[in-house]
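Residue strings, one per chain:
Protein chains: 2
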Amino acid sequence: MPHVAVPPALPGIQGLLVGYPGSGAVLSTLAQTLLRGDSPLSVPDRELIAAWVSSRNQCAFCTGSHAAAARHTGPEIAARVDAVLANGPEAAGDPRLTALLHVAAEVAAAVAPVSDTAIQAARDAGADDRMIHDTVLIAAAFCMYNRYVDGLATVAPPAPEAYDGMGAMLAQQGYVRG
Amino acid sequence: MPHVAVPPALPGIQGLLVGYPGSGAVLSTLAQTLLRGDSPLSVPDRELIAAWVSSRNQCAFCTGSHAAAARHTGPEIAARVDAVLANGPEAAGDPRLTALLHVAAEVAAAVAPVSDTAIQAARDAGADDRMIHDTVLIAAAFCMYNRYVDGLATVAPPAPEAYDGMGAMLAQQGYVRG
Chain C
679 MPHVAVPPAL PGIQGLLVGY PGSGAVLSTL AQTLLRGDSP LSVPDRELIA AWVSSRNQCA
739 FCTGSHAAAA RHTGPEIAAR VDAVLANGPE AAGDPRLTAL LHVAAEVAAA VAPVSDTAIQ
799 AARDAGADDR MIHDTVLIAA AFCMYNRYVD GLATVAPPAP EAYDGMGAML AQQGYVRG
Chain V
679 MPHVAVPPAL PGIQGLLVGY PGSGAVLSTL AQTLLRGDSP LSVPDRELIA AWVSSRNQCA
739 FCTGSHAAAA RHTGPEIAAR VDAVLANGPE AAGDPRLTAL LHVAAEVAAA VAPVSDTAIQ
799 AARDAGADDR MIHDTVLIAA AFCMYNRYVD GLATVAPPAP EAYDGMGAML AQQGYVRG
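Chains as they are written, first to last, in our numbering: chain C, 679 to 856; chain V, 679 to 856.
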């Protein structure tokens with residue numbers, strides 16, 4: 679049972695965004711900016727970074743929903759998401775994305791400078807300042823969303839299928855409702 | 679040296695907010711909403727929660743700037759901030775704030791439900807749903823800001839006095855410039 683009252687039919691962060699609309703609006707705008715706004719990283723790559731960080735943090739709701747959102751951007755992406763979540767960054771099949779997923783994992787693991795080794799590997803694979811910046815900020819933001827969702831003990835549907843509809847909606851409409 | 683190019687005269691998050699203005703605007707609005715917007719928690723209590731989480735995460739820039747912001751809200755607050763940062767939540771001199779600082783420390787430590795014990799202690803000390811919600815979200819948000827600032831290896835001025843001017847400005851003007 680969640681630690682605070684939320685609308686009962688809305689799992690995970692959904693109940694928090696609706697039940698606490700003042701912060702909810704800004705948190706939705708931040709997700710939209712980071713995952714759909716201007717960036718040299720593709721939407722599927724950004725959704726995969728979000729799902730990967732959430733997976734490292736063992737946040738079931740955020741992993742399920744962002745993995746589903748990434749999967750709904752295309753069949754070849756769906757295979758990549760499944761491979762990375764099962765087998766780690768090397769399974770991404772794209773050296774630059776692999777290197778950025780390692781950067782993201784370091785951000786999730788500790789409040790500390792990302793290692794020079796991980797930054798250099800990302801640069802060697804073609805990442806520029808903006809890609810490194812966006813990766814670190816997305817990873818940091820999911821360390822917030824994950825803690826918000828799990829810290830307040832919100833409900834995460836156990837079945838992977840429960841996230842499929844959410845993922846389709848996020849892939850099609852994004853994070854800010856018109 | 680920071681991992682990405684930032685305006686050289688701006689330490690900590692300041693260079694990131696200016697150098698990456700798309701995300702910077704939303705991150706500033708989020709700080710304004712959480713630390714200055716509608717909440718049953720006072721501004722000094724919220725700044726202290728931000729400084730305390732940053733201190734737990736050993737983020738020197740965020741600890742220094744938010745402790746300074748809290749201190750600039752009044753002399754009795756300054757003594758409380760110094761006592762909590764030196765000696766922990768029991769030194770807050772306010773049982774409800776002490777309990778909420780323990781909740782915040784749990785959020786900083788792990789992506790996991792805050793313990794029933796910590797939540798019950800906060801309720802026993804008079805905290806309602808909204809206070810618990812706001813505490814968890816502020817703590818989670820600083821787990822993001824701390825990782826953004828330190829992950830990208832931004833510069834944190836070593837001298838405590840360097841934060842005094844920042845704190846005065848944040849106390850007087852908040853996080854969104856007019």
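A few of these clues could be false.
Claimed, not checked - Among the chain V residues that face chain C by a calculated CB cut under 7 Å, a handful are:
# : residue
1 : Met679
2 : Pro791
3 : Leu830
Source of the hints: derived by calculation from the structure; they are not laboratory data. C-beta: ideal position from N, C-alpha, C; glycine also.
Hints versus structure:
1. Met679: Violated. Min distance 10 Å.
2. Pro791: holds, 4 Å
3. Leu830: Status holds, d = 5 Å.
In summary, the one numbered hint that this structure violates is 1.
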